[in-house]
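Based on the hints, put chain B in the right spot on chain A.
In the order they appear, the protein sequences are chains A and B.
The opening position of the first sequence corresponds to residue 1 in the working numbering, with each subsequent residue numbered one higher.
The opening position of the second sequence corresponds to residue 1 in the working numbering, with each subsequent residue numbered one higher.
Don't take each hint at face value.
[Stated by the list, open to error] A short list of chain B residues far from chain A (calculated; beta carbon distances all over 10 Å): (1) Ala46; (2) Asp53; (3) Arg113; (4) Asn271; (5) Ala281; (6) Pro360.
[As the list claims (entries may be wrong)] Okay, the calculated beta carbon distance ranges per label pair: (7) B:Ala46 with A:Ser203: 29 to 39 Å; (8) A:Phe158 with B:Ser216: 37 to 47 Å; (9) A:Phe362 with B:Tyr370: 51 to 61 Å; (10) B:Tyr370 with A:Gly91: 52 to 62 Å; (11) A:Pro242 with B:Ala329: 34 to 44 Å; (12) A:Arg219 with B:Tyr370: 47 to 57 Å.
Simulated from the structure, these hints should not be mistaken for lab results.
Since the model is a prediction, treat every value here as computed from it, not as a measurement.
By construction, the Cβ of each residue, glycine as well, lies at the ideal position given by its N, Cα and C atoms.
Single-letter residue listing:
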Amino acid sequence: MIAGAKKAETIVETGDGALAAPGTAAKKMAVVVIERIDELARYVEQWEALAARALEPNPFYEPWMLMPALRAFGEGRKLKLVLIFDPTRLGSSQRPALRGFFPLEIKPAYEGLGTKLPLKTLSLWRHKYCYICTPLVGGERARDTIEAFFDWIERENFGCPLMELEQIPGEGPFRQLLVDHFNMSGRLSFVSESFTRALFRPSASAEDYLSAALPGIRRKELRRLEKRLSETGRLEYSELGPGAEVEGWISEFLELEAISWKGQEGRALLSKPEDRDFFTEAARSAFREGRLMMLSLRLDGRPIAYKCNFTASGGSFAFKIAYDDDYARFSPGVLLEVENIRRMHDRIDVEWMDSCADPDNFMINRLWPGRLTIQSMVVATGRMPGDFVVSSIPMLKWLNRKLLGRGADR
Amino acid sequence: MLNMTVTERDPRPDCEAATAGPAASRRKVDEQRMSVVVVRDAETLASYVRDWDGLAASAIEPNIFYESWMMMPALRLLAGGESVTVALVFARDMLNPSGAPILCGFFPLEAPRAYRGFPARARRLWKHLHCYLCTPLIRAEGARATLSAFFEWLASGSKEAPLMEFTSIAGEGPFRRLLVDYLAERARLHFVSDSRTRPMFRLAPGATCYVNTALSGKHKSELKRKEKRLAELGRIEYKSLEAGDDPTAWIDDFLQLEASGWKGRSGSAFNCDEAQAKFFASSAQSAFREGRLRMFALRLDGRAIAQQVYMTAGSGAFAFKVAFDEAYARFSPGMLLEVKRIDHLQSNREIEWLDSCAAPGNYLSNLWPYRRTIETVLVGAGMGKGDFIISLLPLLRWLKRSTPFRRPAAR
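Isolated chain A (complex conformation) (with noise of 0.2 Å):
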């Protein structure tokens, strides 16, 4: 702890919403930490005007998304999701204003070496949907807020010496703030993975970007293979819109995802209920708040190839995508990439898709020159031997590879 360094304070819920006097230290901050689903119902309010004015967006972590997946995933879980707020500014309602929020999970070991290190670790919770675990941190006072949050895990880390950040941006303004922090503090810190995958940024027109992405024979070859496909009916290309019956595209999407390989290996939504009742709660709460992209290639009115993306604060993530494996020589799926590549040209109000994709995912790198880095932290919470296994990890990996000879591939 440097000299001078506010400390926050942890304060407790009264049951009756309102928070505990914070004292009347003006730069201090208050923790609150929840772990009922429906405890946290109360802050919603709150907790929408932070997202819409976050550093960073993610809609992962955003209540209408969140609220679903807890409701599916979070059972059995030890989950701890720690709110900080700022009690010199009342927001809207004269509650304090929320500035950070992070929801957590404790896991019983560190998995992030590839072997299982029998080691509690504080991780930013991942569920199986989720593609980017970045916290919500306000724009305001956002210095404060990660010094609160770090000083709160170093007091309440709940035994658990390691604190892991998963999926977090390798670049922008969380990951500037996490570096200033931790030379600021002394943290050591440790980058345990590190990859960039695709990211979408429209360029002057889709017809620059396309013909900047693409050579000239494969731009030929998708033009061929629309007309070809075109043939065999009436080809058409559709967008939700705000009107639309929502219903419709989420059923439609779930079965055409079903019918494709990811069904027939047990690994779509509709294989699991809670996967499926995660989806279509999320997808329609993102409906009703505007944030829901769903784009369909239709051949005689019937669904070959879905898209389903959402929107954040002038950003968007690609969810998800289906096709049908039918029209596979038809490249279905590319066709309507590229058709999401045109409308995103015209749409003012997003200016990046995240592809959400695997590194070396081929399609989509092949379309999207564009990168973006994504990391996974792990850093001591203050508590021992946090140091020293953060220290260690490196060493660790490299006996691994050489003992075990594990890990050499990705």
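Just chain B, lined up with the frame of chain A:
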């Protein structure tokens, strides 16, 4: 597998001189045929200047410190006893396989030396006294293959130097992502030994007055008051170096102004050392010839009391040096000039970004809301020994901090 050869001599055929003309402008990088040329002296490097400038103009990421007009004076004047080698990555031209190869990568390196007291030697990107960014120059076309070719060359010399340090490279942006991809695809052990941020200016969209958003009302009226009081002492004017001007007077002014302040007293001003003063004058002159030098001054009765030196690169610029007259410190002349110049940048829209090149904690932190990350990444050159040392480093960092006899490293 790349067909890679390492040569110590010029790979260009004799007909190289005849590459001018429209045919030469159409070239295509052959990613399968790359080679590395190692240059060990400034004179040989000078013979590559045309290729080098071409590479800088089509690089994935700009770096003024590694461009010929700044690097050549630096090599001649700042290298001192250090021996700097430059690894040049060339590719065959697919459209003209027997013609001149295309320069695709430029990596200036310090000679291998013991890494922080380890019994192992490391190469590192060359960082001279006035170099604030070491991102190597990589041609956009065939960028991945170029980095792979560089690593293969490193591996071929890994007995001599098992470690490679990418010193002070941009922590975000195309080169860093290329490095992330290279290391992730091969699951290579690496260690980010340093990571810090520094202020960055980005052009606000539209015609927003930047200063109005960055400064508080109180701060603004305070500056206005200082400007007014300064104006009571004499005639004040804000000037910028124009294309038709003679830069020599500006350069001399700057050198004197810098030497008059704390940098002069601590011996770190350019004028404290003849070679360094020459380096500044020479690189500023060449930057001016290239149309890349921007200088701004706040003058009181015609005498500069604050000056700034920028150098442009692609769509942005680097804030290379600033200086002000300490006799007028109470009027914040540096700040006055800064604010005026930012408004100038905002209205003439010549550049989109400006790297402050400032140390952490600089006063610009409060004025410029954006940051850029600068990182140092250590990678094994290809032998087990390098990987082993990299895996040990964090542990040693911890030991160093935990031992009661040693204070934590000051940052």
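Here is how each hint holds up against the structure:
For Ala46 (chain B), the requirement that its beta carbon stay farther than 10 Å from each beta carbon of chain A is met, with the minimum near 35 Å. For Asp53 (chain B), the requirement that its beta carbon stay farther than 10 Å from each beta carbon of chain A is met, with the minimum near 24 Å. Here Arg113 (chain B) stays apart from chain A, with its beta-carbon at least about 23 Å from theirs, past the 10 Å limit. At roughly 33 Å, the least C-beta separation between Asn271 (chain B) and chain A is larger than 10 Å, which holds for a residue marked as non-interface.
With a minimum CB-CB distance of about 35 Å to chain A, Ala281 (chain B) clears the 10 Å threshold, and the non-interface call stands. Some Cβ of chain A comes within 10 Å of the Cβ of Pro360 (chain B); the nearest lies about 7 Å off, and the non-interface call is violated. As the Cβ distance of Ala46 (chain B) to Ser203 (chain A) is approximately 38 Å, the hint placing it in 29 to 39 Å holds. In this structure the hint that Phe158 (chain A) and Ser216 (chain B) lie 37 to 47 Å apart at CB holds, the actual value being about 40 Å.
With their beta carbons about 34 Å apart, Phe362 (chain A) and Tyr370 (chain B) fall outside the hinted range of 51 to 61 Å. The hinted range of 52 to 62 Å is not satisfied by Tyr370 (chain B) and Gly91 (chain A), whose Cβ atoms lie roughly 26 Å apart. Checked against the hint of 34 to 44 Å, the C-beta distance between Pro242 (chain A) and Ala329 (chain B) comes to roughly 59 Å, which is inconsistent with it. Taking the beta carbon of each, Arg219 (chain A) and Tyr370 (chain B) are about 36 Å apart, not inside 47 to 57 Å as hinted.
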